[in-house]
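Chemist: Sequence:
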Amino acid sequence: MPTEIEHVDVPSVFRVAVPLGATAALIGVVPFLFEFMAARTVGRFVLDLLVVAGAGGVTAGIVAAALAVVYNATAQRIGGIELALSR
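The sequence shown begins at 1164 in my numbering and counts up one residue at a time.
Any given hint might turn out to be false.
Pair ranges (Cβ atoms, derived) [as the list claims (entries may be wrong)]: (1) 1197 <-> 1241: 47 to 57 angstroms; (2) 1229 <-> 1169: 11 to 21 angstroms; (3) 1201 <-> 1239: 45 to 55 angstroms; (4) 1217 <-> 1165: 38 to 48 angstroms; (5) 1207 <-> 1243: 44 to 54 angstroms; (6) 1204 <-> 1174: 33 to 43 angstroms.
Since the hints were made in silico from the structure, they are not lab data.
Heads up, the beta-carbon is just placed ideally off N, CA and C, and yes, glycines get one too.
Work the whole structure out from these sequences, hints included.
Modeler: If you want it as structure tokens, here you go:
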């Protein structure tokens, strides 16, 4: 029997999305590492990486939270995602 997801907790979605977004941002920076390192001192390079990770994490958290709000509104009107769970 399918189980329906009626509601998604927005703060928990944000908490999960922030580290995922930070990781994705750092992975996206890998091709540019040599450019960053050549143009800056080590301290500035580390600071740039932290800013990229922080900005990517917060951005992902905000977007995921907004999508959770949209999901909750949609699920309330037309029904949520149905999952078939095995025991």
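Chemist: Give a verdict on every hint.
Modeler: Verification of the hints:
Checking the proposed 47 to 57 angstroms range against residue 1197 and residue 1241 shows it holds: the Cβ atoms sit about 49 angstroms from each other. Remark: the range hint 11 to 21 angstroms for residue 1229 to residue 1169 is upheld by a beta-carbon distance near 19 angstroms. Hint check: residue 1201 to residue 1239, Cβ distance near 52 angstroms, so the stated range 45 to 55 angstroms holds. Distance hint check: the CB atoms of residue 1217 and residue 1165 are about 39 angstroms apart, consistent with the given range 38 to 48 angstroms.
Restraint check, residue 1207 to residue 1243: a C-beta distance of roughly 47 angstroms satisfies the suggested window 44 to 54 angstroms. For the pair residue 1204 and residue 1174, the supplied restraint of 33 to 43 angstroms holds, since their beta-carbon distance comes to about 38 angstroms.
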